[in-house]
Amino acid sequence: MAVTVLIPAPLRRFTNEQASVQVEAGTVSEALAKLDAQFPGIRDRICEPDGRLRRFVSVFVNGRDVRSLEGLDTPLREGDEVGIIPAMAGGR
Amino acid sequence: MIRLPRPHYEAIVAHAQREAPRECCGLLAGRGDLVERVYQIANRADQAADLFAERDLMPRVGADPALLPTERYFMDPEELFRALRDIEAQGLEHIANYHSHPATPARPSRTDIEFAAYWPHVYHLICSLADPERPDLRAFRIVDGQVTEVPIVVEDTSGGRVANL
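Taken in order, these protein sequences are the chains called Z and V. Numbering follows the UniProt record's numbering, in which position 24 of the first sequence is assigned residue number 24; successive positions increment by one, without gaps. Numbering follows the UniProt record's numbering, in which position 56 of the second sequence is assigned residue number 56; successive positions increment by one, without gaps.
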């Protein structure tokens, strides 16, 4: 399944400033593995060493947060868009 | 320097006042140093307790998740994602994030500085309502934990400078 991974500005230093990358993947987890194969180190910014999604990162499939879908096991279809963004948080 | 047309300045202050005592949050988009669009984003700090707890940034009021948004903000991820997509679709740049400090000064807190680490390339604006009569909006660059204030120039709609905050 050819899918597009949208790279957020803070992670573009891993992708030679590319804003989107095409990969072949059947799940979100696989898409992140393929991304990491092309751009080593990027997955460590998104996932914990044990593979869980980092708490301050959100991953989206077609704009929906995978935490409300099947997490990193969320299946992908041809043409899907996988988005990634670090949290914007703070306060007081 | 950030050039902020007066209607956008007023929109940020009004957002802060409307949400108080909760913190408000959002994004600013534009071209170069000129802000052209304000995106208000929902504060979902009440759903992000674990995020603050794992960094030891949980305020005392955090024992009650409903009160967490009075001292923390966490931008709704789906809204944030849609806003960032829209900014790119409009051919604009993501220039800044903003949030309010309803009861404290317009200075980045330890929490602000920690989370800014993921967004070093944008400005961080803070609108303080500590003096309700005089909202105080300030902008900062936060890189590697170092905070530098950046001047905000509020411009009238014709583009002339009317106030240097």
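Just so you know, these hints were derived from the structure itself, not from any lab. Even for Gly, the Cβ is constructed at its ideal location relative to N, Cα and C. A hint or two may mislead.
[Claimed, not checked] Computed beta-carbon distance windows for the label pairs: (1) Z/Pro-49 with V/Asp-64: 45 to 51 Å; (2) V/Arg-110 with Z/Gly-26: 37 to 43 Å; (3) Z/Glu-17 with V/Gln-146: 39 to 45 Å.
[Claimed, not checked] Some residues of chain Z that are not near chain V, with every Cβ distance over 10 Å (derived): (4) Ala-2; (5) Leu-6; (6) Pro-10; (7) Ser-29; (8) Asp-50; (9) Arg-55; (10) Phe-56; (11) Ser-58; (12) Asp-65; (13) Ala-89.
Structure-based check of all given hints:
1. For Z/Pro-49 and V/Asp-64, the hinted distance range of 45 to 51 Å is not satisfied, since their beta carbons lie about 33 Å from each other.
2. At roughly 42 Å, the beta-carbon separation of V/Arg-110 and Z/Gly-26 lies within the given 37 to 43 Å, and the hint holds.
3. For the pair Z/Glu-17 and V/Gln-146, the supplied restraint of 39 to 45 Å is violated, since their beta-carbon distance comes to about 24 Å.
4. In this structure Z/Ala-2 is separated from chain V by more than 10 Å, as the shortest Cβ-Cβ distance comes to about 20 Å.
5. The claim that Z/Leu-6 is not at the interface with chain V is violated, since a C-beta of that chain comes within 10 Å of its own (minimum 8 Å).
6. Z/Pro-10, annotated as away from the interface, has a beta carbon of chain V within 10 Å; the closest lies near 5 Å.
7. Once the 10 Å rule is applied to beta carbons, Z/Ser-29 is consistent with being away from chain V; the minimum gap is 19 Å.
8. The beta carbon of Z/Asp-50 sits about 14 Å from the closest Cβ of chain V, which is more than 10 Å, so the claim that it is off the interface holds.
9. Annotated as non-interface, Z/Arg-55 brings its C-beta within 10 Å of a C-beta of chain V; the closest such distance is 5 Å.
10. A beta-carbon of chain V comes within 10 Å of the beta-carbon of Z/Phe-56; the shortest separation is about 6 Å.
11. Its closest Cβ contact with chain V, about 4 Å, brings Z/Ser-58 to no more than 10 Å, contrary to its assignment away from the interface.
12. Under the 10 Å C-beta cut-off, the non-interface status given to Z/Asp-65 relative to chain V is violated; the minimum distance is some 5 Å.
13. Look at Z/Ala-89: its CB is around 4 Å from the nearest CB on chain V, not clear of 10 Å, so calling it non-interface is violated.
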